[in-house]
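The listed protein sequences correspond, in order, to chains A and C.
For the first sequence, the working numbering assigns the number 1 to the initial residue and increments by one for each residue that follows.
For the second sequence, the working numbering assigns the number 1001 to the initial residue and increments by one for each residue that follows.
One or more of the hints may lead you astray.
Said to hold, decoys possible - Negatives, chain C to chain A, calculated, CB over 12 Å:
# : residue
1 : V1053
2 : N1073
3 : G1074
Unchecked claim - Simulated pairs of lysine-lysine, DSS-like, Cα-Cα distance not exceeding 27 Å:
#  : chain 1 : residue 1 : chain 2 : residue 2
4  : A       : K182      : A       : K283
5  : A       : K44       : C       : K1061
6  : A       : K381      : A       : K253
7  : C       : K1010     : A       : K93
8  : A       : K159      : A       : K404
9  : A       : K93       : C       : K1061
10 : A       : K105      : A       : K93
11 : A       : K231      : C       : K1061
Keep in mind the hints are simulated off the structure, nothing from the lab.
Even glycine gets a Cβ: it sits at the ideal position worked out from N, Cα and C.
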Amino acid sequence: MESQIHQIHQQLVSEEITCLSLVQERLRLLNTNKHATVNSLLEKSAIELAKKVDAKITSGQKIGLLEGIPFGIKDVYMLQGTYTSASSNFLKKYKSPYTATAIQKLIDAGAIPIVKENCDSFGHGSSSENTIFGAVKNAINPALVGGGSSGGSAVNVAKDLTVFSIGGDTGGSVRQPAGYNKVYGLKPTYGRISRFGLMAYASSTDCVGPIAKSIEDIRIVLNEISGKDTKDQTTYSSEKISKEAISTASEIKTVGYFKNFLETEVIDPKIKLDFFATIDKIKEKGIVVKALDFFEPDTLVSTYYTLAMAETASNLSRLDGTNYGHRIEGDTLKDSYSITRSENFSEETKRRIVGGNQVLSQGFSDEIYLKGLSVRDQIAKSFENDFKEVDIIISPVTPNTPPKIGASLKDPLAMYLSDAYTVGFSLGQLPTLTVPQGTQTGLQVTAAKNNDELVFKFANFLKDTI
Amino acid sequence: MTVDILSSIKGAQPSETVNTLFEVIKNANTSSNSFNDQHHNAVFLDELRDDVVLDSSPIEKQLIIENFPKEKNGFLVVSKVIEE
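With the sequences and hints as input, model every part of the structure.
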């Protein structure tokens, strides 16, 4: 798939299409789509912005590459004046007072936000079923889940309802739905993109992540939204990634994969077979492939969920119905808090908050939470050592194909374990891209911290190789 | 303190599923239990944002008021506080 951004830009500049007709058509498609991807449409503002782009073109002014490009936003990002529900009952009527940095940068570049997209409530889920807006249906087979938590965003891109979408990835929430719907989804190095205005789930791994149909479109969007932001002090300055720089992968000599990801019984035999077929094709190109030792998938999942639950318990403690959100009055202040929280949070969100408070409480923190932090450090160290031996690590995105709608809600443990291949890279804060190739749910391409450019190079290589 | 009080969620109970995950961590082999050898997350003083009060824009203020669960004459109405 070639860059849709370049293609649409060309059509706009040559006046083959108008921005208004483009935006109106995408809004119509979103409004009538049967995949439950839409939480709210941004019709009025989108049409106004489209008219401005058309006026600029008609008057002979130049437009930027992203100007007039319609995009979607996972409904956990602030966009001033729009509903930002986090797909929750709690914030169903909450309006963003301000705009997230990443979204503002896209708007400043002229891109047009057209939809707030369905997702798992507060990012809590791997299937986009934990939402008050109805389960997101997979783009390829609507009987299956769209993946999560950025399910609506991945499905919208796959169905050409948005040109690109901005998802959020804490433990795989961009990469897994991208794999389930056969599109590209990037979790950049932690800190490359500002999290300001992204509702916090687990702050130490939360990442802003673009989803698109081509590597080039991911690159364009990443370049636009990266950068240091004083409103998020974990951000760092980064160089733009040029198209030319990623056109060759000749510097990549060695690729690794984690053998215990493939030796587990839970992996789908077809995914395993396809993964090794990909390895063979990479070897045929003269690249050395090394099997690496890594942590067991259940240890990775447990470490991730221990830390993520602790962080979400803390982050969501602000939601008590006092200043905003759906308040339910009780007899006393404390009653109001607890009734509001028990009635408004979903079962999955409550499970995570309670789990988080468990591990943070006296008597538990040492043997669970602190041990989780220690394992996380060892994971980071292990990655550091791995990247002394290999340039790139590849892995399947998921052990299995997307489940049927309804299955994950009945078996939360299975849902947690489905994140086995994505959470390790989140804990390591590494740049990881899902490419829609290699296995039925794609491949993850990972490089060392801050080396996002190398990920793009290898993704381009894979596009031409498999 | 019980988890329902800690979480401010009526009737909350620990989940068996989540406890299964915690058991894995308890039994995981770690080379050490310390986690202080690799943390370099400090922000340099020069990189801290300016310590100045930024006034919200009128539209931001308006939206904050619109989000009040209960409002009277432009003020937030809070739940009744009973001292224990």
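(request) Mind listing which of the numbered hints don't hold for this structure, in increasing order? (result) Every hint satisfied by this model.
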